[in-house]
Amino acid sequence: MKKKVLFVCTHNSACSQMVEGLLGALYGDRYETYSAGIQPSKVNSYAIKVMAEIGIDTSKHRSKSIEEFHGTNFDFVGYKRSSNTK
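For the sequence shown, my numbering gives the first residue as 1, with consecutive numbering after it.
In case anyone wonders, no lab produced these hints; they're calculated from the structure. The reader is advised that the hints may include incorrect statements.
Derived DEER-like restraints, expressed as beta-carbon distance ranges [what the hints assert, rightly or not]:
(1) Ser41 <-> Met1: 31 to 37 Å
(2) Gly71 <-> Val50: 28 to 34 Å
(3) Ser59 <-> Lys4: 19 to 25 Å
Even for Gly, the Cβ is constructed at its ideal location relative to N, Cα and C.
Generate coordinates for the entire structure from the input sequences, incorporating the hints supplied.
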């Protein structure tokens, strides 16, 4: 059974999107990967471009609110705080 992993950052626009794509591409046979944001916005086009440069297509990803996963059980949740947050 695959482990469910959720990566969260403030806007779900770059970092969490990239980690979701990377872990899914490398270990998709072991993990179901998801990402979300506290204040979702839109996926950063540079993040999509960087992932494409390493052969990972995240162009269909969308920014999601953490609320979309309410009630979902995860085996691991990782959170990256914004560098602008004090």
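Quiz item: At the C-beta level, are Ser59 and Lys4 separated by a distance inside 19 to 25 Å?
Solution: holds, 23 Å
Quiz prompt | Cβ separation of Gly71 and Val50, checked against the hinted range 28 to 34 Å | solution = Once the Cβ atoms are compared, 33 Å apart, the range 28 to 34 Å for Val50 and Gly71 holds.
Quiz item: Within 31 to 37 Å or not, the Cβ separation of Ser41 and Met1?
Solution: For Met1 against Ser41, whose Cβ atoms are near 33 Å apart, the range 31 to 37 Å holds.
Comparing the model with each numbered hint stated earlier shows that all of them hold.
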